[in-house]
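Sequence lines, in order, name chains A and B.
Count along the first sequence from 1, add 1229, and you get the number used in this note's numbering.
Count along the second sequence from 1, add 185, and you get the number used in this note's numbering.
Quick caveat, the hints were computed from the structure, so don't treat them as lab data.
Everything numeric in this text was worked out from a predicted model, so none of it was measured.
Even glycine gets a Cβ: it sits at the ideal position worked out from N, Cα and C.
It cannot be assumed that every hint is accurate.
[Unchecked claim] Now the in silico label distances, taken between C-beta atoms and shown as ranges:
no.	chain 1	residue 1	chain 2	residue 2	range
1	B	D239	A	G1544	44 to 50 Å
2	B	R212	A	P1412	54 to 60 Å
3	A	S1458	B	R394	57 to 63 Å
4	A	S1346	B	R394	39 to 45 Å
5	B	D239	A	A1592	43 to 49 Å
6	A	T1503	B	W268	26 to 32 Å
7	B	R394	A	A1246	20 to 26 Å
8	B	K346	A	S1458	42 to 48 Å
9	A	M1424	B	R212	43 to 49 Å
10	A	T1503	B	W329	54 to 60 Å
11	B	P224	A	A1479	19 to 25 Å
12	B	G438	A	G1273	49 to 55 Å
[Claimed, not checked] Derived list of chain B stretches under chain A, where covered just means 3 residues or more per stretch with a C-beta under 8 Å from a C-beta of chain A:
no.	segment
13	249 to 262
14	274 to 280
15	310 to 322
16	352 to 361
17	418 to 432
[To be verified] Within a straight-line C-alpha distance of at most 20 Å, the following computed EDC-like cross-link-like pairs (lysine to aspartate or glutamate) qualify:
no.	chain 1	residue 1	chain 2	residue 2
18	A	K1417	A	D1427
19	A	K1539	A	D1549
20	A	K1494	B	E293
21	A	K1507	A	E1534
22	A	K1335	B	E293
23	A	K1245	A	D1413
24	A	K1245	A	E1259
25	B	K450	A	D1552
26	B	K450	A	D1274
27	A	K1507	A	D1495
28	A	K1403	A	E1534
29	A	K1507	A	E1456
30	B	K237	B	E214
31	B	K193	A	D1276
32	B	K384	B	E351
33	A	K1507	A	D1549
34	A	K1494	B	D295
35	A	K1335	A	D1491
36	A	K1494	B	D241
37	A	K1457	A	E1259
38	B	K237	A	D1491
39	A	K1245	A	D1349
40	B	K346	B	D263
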Amino acid sequence: MNQRCAVIGIGQTHHKAKREDVSIAGMVREAARAALDDAGMDYGDIDAVVIGKAPDMFEGIMMPEHYLAGALGAVGKPMLRVHTAGSVGGSTAIVAAHLVATGIHKRVLTVAFEKQSDSDAMWALSVPQPFAAPLLAGAGGYFAPIIRAYINRSGAPNDVGMKVAVKDRLHALKNPYAHLQLPDIDLKMVEESIMLWDPLHYLESCPSSDGAAAMVIAAEDVATAQEKSTGRSAAWIHGMAMRSEPTMFAGRNQINPQAGRDCAKDVFAQAGVTNPRKELDCAEVYVPFSWYEPMWLENLGFCDEGDGWKLTDSGATSLDGGDIPWNCSGGVLSSNPIGASGMLRFLEAALQVRGMAGEHQVADASKALGHAYGGGSQFFAMWVVGSDRPA
Amino acid sequence: MSTAPQPKQGTRPVAIVSFAQAPTQRRIEQANEVELLMPVIGEVYAQANMTKDDVDFVCSGSTDYLIGGPFSFVTALDAVGVWPPKRESHVEMDAAWALYESWVQLQEGDLDVALIYGFGKSSLGDLQRILALQLDPYTMAPLWPDQVSLAALQAQAMIDKGLATEEDFAGVASRSRRDAMNNPNAQVANDLDVATLLKEEYIASPLRRHCVPPLSDGAAAMILVAGDRAFDVVDRPAWITGIDHRIEAHAFGVRDLATSPSTTKAAHIAGVGEGDVDVAEIHAPFAHQEILLASALGLSSTTALNPSGGPLAANPLMAGGLIRFGEAANRIMDGTASRAVAHATSGPILQQNLVAVLEAAS
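Model the full structure from these sequences, guided by the hints.
Pasting the structure below:
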């Protein structure tokens, strides 16, 4: 990065199954307005808008950013639309941050959303395409065999996924924005829920949500001034990275993808992190299906390959006494407005290091990871944010 | 020895060093998107004497709505073969904005080479109905207005304001299709005079068939190199010395359709008016839009407009804007121009516009 930059404003909607009370424009505006209020700014203060969402077919609007330009105060400004599959919320934040880190703009508003109730993501994902392997039953059907292969390879006990499902829903009870609020959640409830894609029970899958996320990313001088005027601290960006690899080829390691390992290595090197489990206070990682927690623990280098399930099993990733809490917000398992889900991970990491995460705050969090992945676990976006300015 | 000109935006000079496009056709049935892209990407590597291992960053532009399925960019990525894994991104916009994102990335200073590509096959569906889905989903899309009718509203607004006549529109089309006779990648090339064109029936008054772009299948790719390394690749790199993009309101009722303030603002910021412009490649799918945009860009009568034939000769969606950048860069690289303007548009009737100044090193 050429210049230091920081997150100075954060906003999100209360994620729900159906937001029938607002249009898409109204929904993104809720998140954008909250982020601007947090930053002590108004639409007029913003230099550029970067928006992201998952496939346009999820709502049935082609390139909806055109229709949203007015609602987001982008008229007369540069507006970019990012789409990198499920990782898009993270990639969008990174594209926005680069506009500031390069000195091109000083104050960038970045927004991501999905209004799943306007269409049917499962249907949209299942349209047959010539010469491409059909996804058929949506993302869960695609990932279940990979999860099964992980279980076989690692020798993990069968209940580790269910433990993640319980833990993240307990975390969600501390996050008023989380979609799923299941006060009675326990292993029995998960186990008794219907088997969707073996080994994934219904409650081991993410919900379908309507929701939006927004952040204001600012240059160092602006961030310093706003910290003074609003009295709220900034989350400084210590590193950001993206990596992609092809969906399929012979010998591809789909359980522990190289692109994820490379991306983690890059972002941790930028942030000066050598031992993420020790040096980070928490992580917000894209876990749409329970078993992706142990799989990503290994992929991101929080433990050795094959040991991810042991961390989860021991409670290390729990906000309640764990040494490296993952997804204190409840994660994707508790709220999944798809296009926004990656940005929510980036945003929740920033909330933690700003000390603004409320009930799901990790005490004295000073460094956190935000992570998103997409496609056939082939697109990765990550950032590390901290309460201190990077060196 | 040449030195890279100092850019007006950003701090690091970045140049276009190679460009290739698939010969545009009405319907390419023999190749899917990957097959369409592979030879094009192969050609930009060959021109630059590079392989994919030289590329630090990959960025593409496309839309799922042409293929009618999600994630069309995911399969298209197989045309690059990002293995080992690469830094890669995608915009659901014309690939000219993928160029913009790449240019930003190269400003960071740690990466030097970017590969950009865009693709679109209009033949896969009914474009008039597909593009209606780009409009406000609550107030406009349910009416299914087609893009030709919307463009006609804009053309009529220009006539009503006395900014152009139907003869002027025919003049643009006549010149464009004649110039296209020298462009092997063009789809519509012919030598018809204005009087002949004006005998055509209206499609949507005041637009006749000649005012309307062809339906096209196509793809394009480009390589950007940052810093003096560009001189190692090509004798005359096309340096991006100014670049900016702006969006306007979506609702037609609040816009003056006969003007393009977003283009004017972007052109001002990119510094279009700070020197003579030898050639401009303007992403004006409809004939009247070239007149509108040339005025909004502030170009003088000495600038050669769309010598490639422009979008009236070949109009592959999502690659069309990048092709304007490529055609303008080619004029710099082949020595026929020393300062050029490239323009790209996105959204209904010119809602969003990107403008860049390309220059040869002095």
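Here is how each hint holds up against the structure:
1. B:D239 <-> A:G1544: 44 to 50 Å: About 47 Å separates the Cβ atoms of D239 of chain B and G1544 of chain A, which means 44 to 50 Å holds.
2. B:R212 <-> A:P1412: 54 to 60 Å: holds (58 Å)
3. A:S1458 <-> B:R394: 57 to 63 Å: holds (59 Å)
4. A:S1346 <-> B:R394: 39 to 45 Å: holds (43 Å)
5. B:D239 <-> A:A1592: 43 to 49 Å: holds (47 Å)
6. A:T1503 <-> B:W268: 26 to 32 Å: About 27 Å separates the Cβ atoms of T1503 of chain A and W268 of chain B, which means 26 to 32 Å holds.
7. B:R394 <-> A:A1246: 20 to 26 Å: violated (49 Å)
8. B:K346 <-> A:S1458: 42 to 48 Å: holds (46 Å)
9. A:M1424 <-> B:R212: 43 to 49 Å: holds (46 Å)
10. A:T1503 <-> B:W329: 54 to 60 Å: holds (58 Å)
11. B:P224 <-> A:A1479: 19 to 25 Å: holds (24 Å)
12. B:G438 <-> A:G1273: 49 to 55 Å: violated (23 Å)
13. 249 to 262: holds (count 12)
14. 274 to 280: holds (count 5)
15. 310 to 322: n = 7 at 8 Å, threshold three: holds.
16. 352 to 361: That given contact is violated, which follows from only 0 residues of the segment 352 to 361 of chain B lying within Cβ reach (below 8 Å) of chain A.
17. 418 to 432: n = 4 at 8 Å, threshold three: holds.
18. A:K1417 <-> A:D1427: holds (17 Å)
19. A:K1539 <-> A:D1549: holds (17 Å)
20. A:K1494 <-> B:E293: Roughly 19 Å separates the two Cα atoms, so the pair holds.
21. A:K1507 <-> A:E1534: holds (17 Å)
22. A:K1335 <-> B:E293: holds (15 Å)
23. A:K1245 <-> A:D1413: holds (19 Å)
24. A:K1245 <-> A:E1259: Answer holds: K1245 of chain A to E1259 of chain A is near 14 Å, not above 20 Å.
25. B:K450 <-> A:D1552: Judged against 20 Å, a Cα distance of about 52 Å means the pair is violated.
26. B:K450 <-> A:D1274: Holds. K450 of chain B to D1274 of chain A sits at ~18 Å (cutoff 20 Å).
27. A:K1507 <-> A:D1495: It holds: about 18 Å lies between the C-alpha atoms, which stays within 20 Å.
28. A:K1403 <-> A:E1534: At roughly 31 Å apart (the allowed maximum being 20 Å), E1534 of chain A and K1403 of chain A break the hint.
29. A:K1507 <-> A:E1456: violated (28 Å)
30. B:K237 <-> B:E214: The given pair, whose Cα atoms are some 27 Å apart, is violated under the 20 Å limit.
31. B:K193 <-> A:D1276: Holds, at roughly 17 Å.
32. B:K384 <-> B:E351: The hint holds at about 11 Å.
33. A:K1507 <-> A:D1549: Roughly 17 Å separates the two Cα atoms, so the pair holds.
34. A:K1494 <-> B:D295: holds (16 Å)
35. A:K1335 <-> A:D1491: Distance ~30 Å between K1335 of chain A and D1491 of chain A Cα, so the pair is violated.
36. A:K1494 <-> B:D241: holds (16 Å)
37. A:K1457 <-> A:E1259: Not satisfied, since the Cα-Cα distance of roughly 25 Å exceeds 20 Å.
38. B:K237 <-> A:D1491: Holds, because 18 Å separates the two Cα atoms, which is no more than 20 Å.
39. A:K1245 <-> A:D1349: Holds - the C-alpha atoms of D1349 of chain A and K1245 of chain A are around 15 Å apart, at most 20 Å.
40. B:K346 <-> B:D263: violated (49 Å)
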